[in-house]
Amino acid sequence: MQIDLRTVSIKPQRQTYGHIARRFGDKPASRYQEGTFDLQPTANFHYRPTWDPEREIFDTSRTRLQMKDWYAFKDPRQYYYGAWTLARARQQDTAESNFDFVETRNLGALLADDVRQQALDLLLPLRHAAWGANLNNSAICAYGYGTAITQPCMFHAMDNLAIAQYLTRIGLLLGDTGSLAAAKERWLYAADWQGLRRYVEDSFVVQDWFELFVAQNLVLDGLVYPLFYKTVVEDELSLRGGTAVAMLTQFMTEWYAETTRWVDAQIKTACAESPHNAVMVRDWITAWQSRALEALKPLAQRALGERAGSTLDDLATQFAARVAKCGVPV
Amino acid sequence: MSRVFIALQTNDDTRPIIESILADNPHAVPVESPAMIKIDAEGHLTVKRESISELIGRDFDLQELHTHLISLSGHIDESDDEFTLYWDN
Amino acid sequence: MDMQVPKKKLGLKERYTLMTRDLAWDTTYQPKEKVYPYADYEGIRIHDWDKWEDPFRLTMDAYWKYQAEKERKLYAIIDAYSQSNGHLGVTDARYLNAIKIFLTAVTPLEHMAHRGFAHAGRAFPGAGARVACQMQAIDEMRHAQTQIHSLSNYNKYYNGFHDFTHMYDRVWYLSVPKSFFDDAITAGPFEFMVAVGFSFEYVLTNLLFVPFVSGAAYNGDMGTMTFGFSAQSDEARHMTLGLECIKFILEQDPANLPIVQRWIDKWCWRGVRLLSIVAMMMDYMLPKRVMSWKEAWEIYFEENGGALFKDLARYGIKMPACAEQIRLEKDHLSHQVWATFYNYGGATDFHTWMPTEDEMQWLSQKYPDTFDTYYRPRFEFWREQQEKGNRFYNQTLPMLCQTCQIPMLFTEPGDPTKICYRERTYKGNKYHFCSDHCQHIFDNEPEKYVQAWLPVNQIYQGNCFPEGTDPSAPGFDPLAAVLEYYRLNIGRDNGEFEGSEDHRNFEAWRGMAKRND
Chain H
1 MQIDLRTVSI KPQRQTYGHI ARRFGDKPAS RYQEGTFDLQ PTANFHYRPT WDPEREIFDT
61 SRTRLQMKDW YAFKDPRQYY YGAWTLARAR QQDTAESNFD FVETRNLGAL LADDVRQQAL
121 DLLLPLRHAA WGANLNNSAI CAYGYGTAIT QPCMFHAMDN LAIAQYLTRI GLLLGDTGSL
181 AAAKERWLYA ADWQGLRRYV EDSFVVQDWF ELFVAQNLVL DGLVYPLFYK TVVEDELSLR
241 GGTAVAMLTQ FMTEWYAETT RWVDAQIKTA CAESPHNAVM VRDWITAWQS RALEALKPLA
301 QRALGERAGS TLDDLATQFA ARVAKCGVPV
Chain Y
1 MSRVFIALQT NDDTRPIIES ILADNPHAVP VESPAMIKID AEGHLTVKRE SISELIGRDF
61 DLQELHTHLI SLSGHIDESD DEFTLYWDN
Chain G
1 MDMQVPKKKL GLKERYTLMT RDLAWDTTYQ PKEKVYPYAD YEGIRIHDWD KWEDPFRLTM
61 DAYWKYQAEK ERKLYAIIDA YSQSNGHLGV TDARYLNAIK IFLTAVTPLE HMAHRGFAHA
121 GRAFPGAGAR VACQMQAIDE MRHAQTQIHS LSNYNKYYNG FHDFTHMYDR VWYLSVPKSF
181 FDDAITAGPF EFMVAVGFSF EYVLTNLLFV PFVSGAAYNG DMGTMTFGFS AQSDEARHMT
241 LGLECIKFIL EQDPANLPIV QRWIDKWCWR GVRLLSIVAM MMDYMLPKRV MSWKEAWEIY
301 FEENGGALFK DLARYGIKMP ACAEQIRLEK DHLSHQVWAT FYNYGGATDF HTWMPTEDEM
361 QWLSQKYPDT FDTYYRPRFE FWREQQEKGN RFYNQTLPML CQTCQIPMLF TEPGDPTKIC
421 YRERTYKGNK YHFCSDHCQH IFDNEPEKYV QAWLPVNQIY QGNCFPEGTD PSAPGFDPLA
481 AVLEYYRLNI GRDNGEFEGS EDHRNFEAWR GMAKRND
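Chains as they are written, first to last, in our numbering: chain H, 1 to 330; chain Y, 1 to 89; chain G, 1 to 517.
Same shape as in the complex, but just chain H:
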């Protein structure tokens, strides 16, 4: 006998899991909520990490930031794995057709030599910077506290790996493996890249994971992306006939716009929690921002010549406005 189960109307006993209901009430919950909140264990750990014997496996003392509820760090994009993957797959489709477009029409070859060379010179070493961001976000996921912030950091780590891979593809499309090797040489030895490389390497040894979040995701990305992908690629190179390059970096531009909202929400949450946090975040920003601006100077100089100074000033002003909007005290 065929049973049609759909015709049965039965009353649920409960709408969602207990820990979700205690936070949001017993009503239908989103997949983001069910997949995120209170997922990380918080009590009765069995052993101390052999790699950090002073602390528990998950321990709030791995940052100096203090929170009453670590799940205050909500992701405005509400990304759980499925939502994140689907969003990135859509962006990847666009990126793929952009790469196809440039490749099939041979637009790379149509670029003026100096435009192509500048694109290679300035973008390819950023492969390594993105790789650094990948490493740092993996660290935040590993040592952070609460799934609400550790989860998106792992997504962010993989996004950064993807960006490093898109840059690699740009190198192979506009140049060849030799271009990638040359860019790595510059990253390692050219004087104008050393400030940035030193910043990235110094960030690798930062122990406080929220400081690392500030140094990497807010400060460094907050200055590098507008400078390179907006000012250099979209404004400067496009004016000189390099629109094709902007097509190839569209993923980065859109990604930066999207992730900025998430990063800002985290900073805002941290600062709104307490004056203690706000001052801490401000001090981290101040320290890392001056280093980042210093590191970007020779690169801006190289890309923009005499307009470098004013561009960096504008960038710093915009960044200050962004940070102020997040509730970071002056």
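Note that these hints are calculated values from the structure, not bench results.
The model shown is predicted, which means the values in this text are computed figures rather than measured ones.
Backbone N, C-alpha and C fix where the C-beta goes; we use that ideal spot for every residue, glycine too.
Not one of these hints is a red herring.
Example chain H residues on the side facing chain G (calculated, C-beta under 10 Å, incomplete): (1) 14; (2) 45; (3) 180.
Starting from the known structure of chain H, fit chains Y and G onto it as the hints suggest.
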């Protein structure tokens, strides 16, 4: 020789994959379970892009296997054209 | 723009190298030891990370493409399954109890694996290994979430699913999976890889995800089948990573062999003990059975694992010493564990029951040498008692093994009539073990295992009551207080299946589906 295996979900997409694996590896033995098939093979088993492409009438990318794979055993050797499982013993 | 030299198409391997390890560089502004502080302390010697063979070569663009395809399919099925009351299509409501165990005992481990691989994905100095671990870190998050989402609809209608994260940190039997993963994640990154990447993923997860999930399909649970197989499609990559990692470590330096062998011995045994609950799920909790635990064990551990260890013999790796005991236990394991859970069914978030006569016949047939001799008489006695209204519940808390944390329920190898006990005095305290192997694991790292948070000991110390409880108050009921601490709803989540709310509801709802009223 030890046996390697590949287990795949059984659905419309995997039918040609299973068919071509069995054709390309005459020594392979299919074992069916609910919703899945496990293909055992003495020593080695190779999945060929070309054979699947022929069966489905379009270019098959071996990485598409990842969508339907349930499990496998053995060392893997992977190229654009072939995906091979093998034991050295 | 005159010369158009056609570009050489890069092969898969070459291209993947440029997309991953070529991104890395040796730091000079910060010393390597500070950038990768956890790389050396375990004593594993790595001379050349460039020798790492990438186990699979998925760049992020391809990863997103295929994973998105899988996610689309999976969530479409979950939605359809929930919207059409798919839960009423499972064979019978007893089945749901296996899925409750899945959510409370397995799903939190997926989250732990996510964090553990993020740690390994940061800690290894080798770029190829890091990328592979990071990819696994997001896959594991996928598994945790697809399980939570698939089972969310069951939670709406049935008891025992509602507080899986809270219970994972507290409920007595869940300290078995929890201590397993806490053990792995508190080890160094290399041991973590041997524990989870190799021993667990390669040797053992097949037993959970392949025959059990196929069994879920057989019992009409399309939701579990879908997330199970979909998760397992990532698992193929993870298994490959585990195997590659072992080979790499062993090829780097002969001095690594004894360390790796010790880890393999330890983690195979830890894993086998952990899987004893899966043995019970397969033999007792699936109303329609695909294969017995013993058969699954023979295919996936003895045959498949055997081939693997034969292959690793070239590096000097031996089959773990515990293999012999495991072979002896396969005829007994599921029965002993089910008997224990039946005993302690008053303190679990799922229901237990005695098998029907048909099921006992199936068990006799699958376990001809043991079931009728050692287990059937006990089970028939319990069934008789239950029919007389004396459903047995053990009220005494059991002694736990200090290492695996399972109650002392296993018998002496070779003598199924005698419980196996081992003990060891360390710094003036006495510790108990279920087996020689668990005792050896303790002996190798006593300072680690003395820290174990043993639920029974914690209950006796008064650490498992809700905040503000006064144990000296008149009429204080310690068991009720412990269950309250667990957030377990007494009389709804626990105890006998027969006549439980789940049982009654399922029958009533299914009855509605068959009628036109």
